[in-house]
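Protein chains in written order, with my numbering: chain U, 1 to 395; chain D, 1 to 395; chain B, 1 to 349; chain L, 1 to 349.
Rather than coming from a laboratory, the hints here were simulated on the basis of the structure.
Here are the simulated BS3-like cross-link-like pairs (lysine-lysine), alpha carbons at most 27 angstroms apart as the crow flies:
hint	chain 1	residue 1	chain 2	residue 2
1	B	LYS58	B	LYS10
2	U	LYS240	U	LYS184
3	U	LYS240	U	LYS113
4	B	LYS10	D	LYS6
5	L	LYS10	U	LYS6
6	L	LYS10	L	LYS58
Take a look at the letters that make up each chain.
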Amino acid sequence: MDFAPKPSVEEFRASIRRFIADHLTAEMVERAHRTGTFHDWDFHRTLAATGVIAEGMAGPGRATGRDPLELYVLFDELGLAGAPFYGLANAMLVAGIIEQIGSDFHIREVLPKFHSGEAIAALGYSEPGSGSDVAAAATRAERVPGHPGDEAVWLVNGQKMFTTLVHEAGYVILLTRTDPDLPKHRGLTMFLVPMDLPGIDFQAIETMGGDRTNITYFTDVHLPDRWRLGEVNGGWDVMKVALAYERGVFGNMNQGVTLLRRFAEWARTAERSDGTRLIDDPGVRRRLARIAVDNEITGLLALRPALLASQGRLPTTEGSVAKLFASEAYNRAAEACQEMAGTAGLLSPVRGDGGDWGFVDLAARDAPVTAIYGGTSEIQRNNIAEHRLGLPRAR
Amino acid sequence: MDFAPKPSVEEFRASIRRFIADHLTAEMVERAHRTGTFHDWDFHRTLAATGVIAEGMAGPGRATGRDPLELYVLFDELGLAGAPFYGLANAMLVAGIIEQIGSDFHIREVLPKFHSGEAIAALGYSEPGSGSDVAAAATRAERVPGHPGDEAVWLVNGQKMFTTLVHEAGYVILLTRTDPDLPKHRGLTMFLVPMDLPGIDFQAIETMGGDRTNITYFTDVHLPDRWRLGEVNGGWDVMKVALAYERGVFGNMNQGVTLLRRFAEWARTAERSDGTRLIDDPGVRRRLARIAVDNEITGLLALRPALLASQGRLPTTEGSVAKLFASEAYNRAAEACQEMAGTAGLLSPVRGDGGDWGFVDLAARDAPVTAIYGGTSEIQRNNIAEHRLGLPRAR
Amino acid sequence: MDLELTTDEKTVRDAFARFFADRCPVSVVRDAEPLGHAPALWARLRETGAPGMAVPDKHGGGGATALDLVLLMQEAGRVLAPLPLAEHLAATRTLARTPSGLAAPWFASLVDGDTVAAAAPRPARDGVARLVPGGAVADVVVALDDDQLVAVRSDAPMEAPPNHASAPLADRDLRTGERVVLADGAEAAALFARMVADWQLLTAAALGGLAARALEIGVEYTLERRQFDRPIAAFQAVQQGLADLVGPIDGVTFLTARAAWTQDEGDQAESERLASMAFLASAEVARDATYAALHYHGGYGVTLEYDIQLFFRRARGWPLVLGDPEDEYLRLADRLFGPVGAAGTEVAG
Amino acid sequence: MDLELTTDEKTVRDAFARFFADRCPVSVVRDAEPLGHAPALWARLRETGAPGMAVPDKHGGGGATALDLVLLMQEAGRVLAPLPLAEHLAATRTLARTPSGLAAPWFASLVDGDTVAAAAPRPARDGVARLVPGGAVADVVVALDDDQLVAVRSDAPMEAPPNHASAPLADRDLRTGERVVLADGAEAAALFARMVADWQLLTAAALGGLAARALEIGVEYTLERRQFDRPIAAFQAVQQGLADLVGPIDGVTFLTARAAWTQDEGDQAESERLASMAFLASAEVARDATYAALHYHGGYGVTLEYDIQLFFRRARGWPLVLGDPEDEYLRLADRLFGPVGAAGTEVAG
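Only chain U is shown next, with the shape it has when bound in the complex (with noise of 0.2 angstroms):
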């Protein structure tokens, strides 16, 4: 075992960095929690022209491009300082898949723009009817009777929940039903569909946590069959990639970390009612402690999946591992910060004053859905269950 840092890897920290102390103002940060939408184009673009989306990841099926471990420094560093950085997921996300499975058309015609940070994408894989069983997709595509010769064209119709910065993105990857007929699993296809076609409509939904999301409506959408994301019906051997991605890389889950410090920062300077400081109140102490460890190990699991990837293996169960205890934890970090602040931990964020108080707050209202999205805990344990301790399968 070796918990020595990779020097190129924490070159690359360093240089994201001096990037974030560069570019990203306080501004930005603010208007992000103001908007709900932790996307700022300035910033993406800036980063964009690093190079950092066009390099691509490293793995099994690409030589060059990026050391999935800068890869998870880079979404931790942005994470711990606060920037928008969801944008920039979905973007690698979306470019990645391109890369893999992606038509000429689409190397051609889009990547460049994912790339050059001129474009962003949405995930439209939930429907109001499939939020944990994404499979089970409604979202239509059916195949228009057209003249012989001409291009294929498929007619899109259905909803798509969550689909967060759809209202910034150029394109959605959209999770299609093409032959109800076959299995579950069987009749999908992935299709990548520029925001722009007519026909596409959605509204946002605001959240606890302050994050804004959105519906998405397709109505007969006339979506060419050049926008097709590998194989008619394949759509879950895409997805598949996509979740591979996702699952580790692309996240940041040392959210605890941020949380602790600013707290720990506050208790030096914080009143209790007799007039000591809360820092030194043993309750306070003792309970700070317990987040120190869990942090640490949240790090640990975290880092697992990148540093396999990084070894160009390929991760399984090891980001279901590290995104259950990281949000069950992160969770029991909130609510005990919430619970020590006391009053002060009830102030909201003042939005538009510049000011920094309300983090806990805004951590109590953040947490749960951590331990929702991209799988909830009960999705993360049948996986840990089944694919790692080998248990029959329980649904």
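Based on the hints, put chains D, B and L in the right spot on chain U.
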């Protein structure tokens, strides 16, 4: 709502306390812990002589008898005093079953022995292959061909697990399979089996908490039909009666009360390494207060089924709700006490020295079984989910 | 001994249940955000006499038992009624306990509900009661100012700092406005402790109602929401999580009622101890029940469109105005084991 | 950066895994109860050189890295090896850090394993080290006696008070017997802290191995045990309970290794901080994993016939010899945030 204790119940409680003060000796308690046999013939017979078993429990099917609330108090007080009461609980349970569905023969020949304290019974429900799934009992009872007109005789073969007190019992109440071709719950028949029949053997099983239980073997036991309880293949109906008695009345769910009382008493004299008293440590105080809250809730929840029965109503899921909360809370309390006690909490009771130290170790060993016996916490949650919350059956 | 409501108690509960069902659909709660106060609902409530319930008949009030008040608060909690009700009831009950409170010029107006009062559950510092629940909308604040228990009438700010529960919190200056001293010294401390216990009791009841309703919402949603070709309520993991909430919710319901009953029976010390316990346990189960119910909503749970997030935020916001619950556990320990350094007493509980 | 064992490390681990598989079946653990010491197993272990591993080569020891010691202890923990191994290793490592320890007449015998040592993880009081783990069987005890770190050779009592873990605990008088002063004053305190951190690290490793094995036992049992016509491992409630243990077990494995690696890299302060964390987290997951695995055994879990109760008791008994874990959290807080009253420092972790 009315939280005033019923005068008749409090009068009975006072009489039980007097009885305990007069008849329960330290040596009886010590012997029970030393042997793991929580039954003492002297204590049992003296208690039976007060008429408490013969009086039985008043209820919908029985106009006379003790208020179920008084019986709840009886077991509560016996539990708080550390009296060995398992034999009493079993005797009252089986006496109740006999009264309700026994034949004239049972009522004439057997019932008086339970009433007088001459005999106690063991419960033969669980088997090596059926614990939570009691209805899967495989112990076979087959009708032996005989002369027409003679009393039928059953040939019994099988094993029963967790037959606590079988080594002291005159009878074992035995759930058998009489028709393997009928659906699981329909092919069962209950018997009352005299322990002196040839072919019955048992073997002690020791437990981590110090309780002795047994496995009981039935090998070609010839059992005359007069020992049958209820209808042939009607054994599950008898089980339901038995479980109704068991749940909530004949138990002691308030083990946390004794634990807290003893711990707080000890913590007033115990010193921490810095010479301060354990009871003055804020971390200890906070945890003890939390146990006190759980105890208060346990007490109210545990009272409810007895109170319902006392009002002539039939408790349904109330016993499950109480048992689940009580056993989980007791486990939390035992864990907290063991941690608070530090090294002292590791020391086991030294059997035979009459001293009473080791209560923390004992609680830590004993607590886990409370979340298992009488239906695991998972079984209780299933029951509550299905019958209280109206959720679909999920097995 | 009876753990069920009497016919009379059921009548009280049903009346308030009907009132809130009619007058406080969730749209009222939403419309009242962010201030967390619905004056129209309060006006309706005045018609029922509820604002004066906590004051004895002989002083013009409804003369309600503590148990009646608990029944009222449980129903208010179930619908998240955006009113400073626990605060008003605790404050008026306290005023009615002192001659100077009864003599206050606005006492009758408080009983009538024309004027709103708020009990500050934490002692003031330097003459300011911080983040008083109800303080943003109350005309009168009852608070402990150093060694005096005071009632101060001044202009309600009618705005609150944005907060987790969308509750009408505000700092209130106790040294400007019309100040009535209710008690001094040890008497003030005792009356304050009693007021805090009343507030804890009423808040516990509201949290118990909130938790019970959150569990119902969780059950309803999981029965209706289908994933993997069945209602998610059919998954054992979901069932067991929901089943775990029943005991604590039933338990706090009984415990809160017992605390109230004990006050009605006149055992003040015991009632204060039980109120503290009921408060702590109710806050925990409200926290856990709303977390679980929200979680089982999946992604929908955190959207503002669904009601469960309203419950989630109030489950935390209502009790935390008293501060860190660990501090309350320590105060409870003082009641149970005597203060730090005290000689042994029998363990209560 | 690599979270997997190198080939060399795998060789070390596999060698010890084989040793314990061959030499320490569960019958050895059972036969060693109640004292919790298996001299024959110790004799076999001497043949591997393990007792001297913690001592540098130049002093005649095996010169193992801290990580090697962790690998040894993980395997020892998996089989519940009834030996005072963590205590002996921590004690000998400490002796080798001081000239007087190296000069002790029995130093070579300790390295050889002919003589057994035990590190007392809590400071002595009035010259007596209380309930020293391994103290019932150790010839030499290393302990902090007021302001001196001492090694004392005296007769091992060879009996222990009956205890939860069937561990060879005993009080040891530090002022009779052959006493070697290893260090005084601040140096003694620093060396003692280092010894405690070593003991925590090694105990964390043992607890991590114990927890991992307990989870395996739980998985094996639930796959085999059938109820309601299926293995109980097919019930989602059981599955989710088992799945919850994986993250904490993997996590403490990494954290313990990182603490060891950090010591090997020479960052002592950081390594002590990580050892404390690894110790606390391992104790918790060992507690939770053994509770769950025992619970899923149903009634069999608490019978002495099944092995899981052996794991359950040691999961609690091994770490609790250090005392209340909340006190250790407070000491950890001192490392993280500075002592109470200290001015601000950057939060580590």
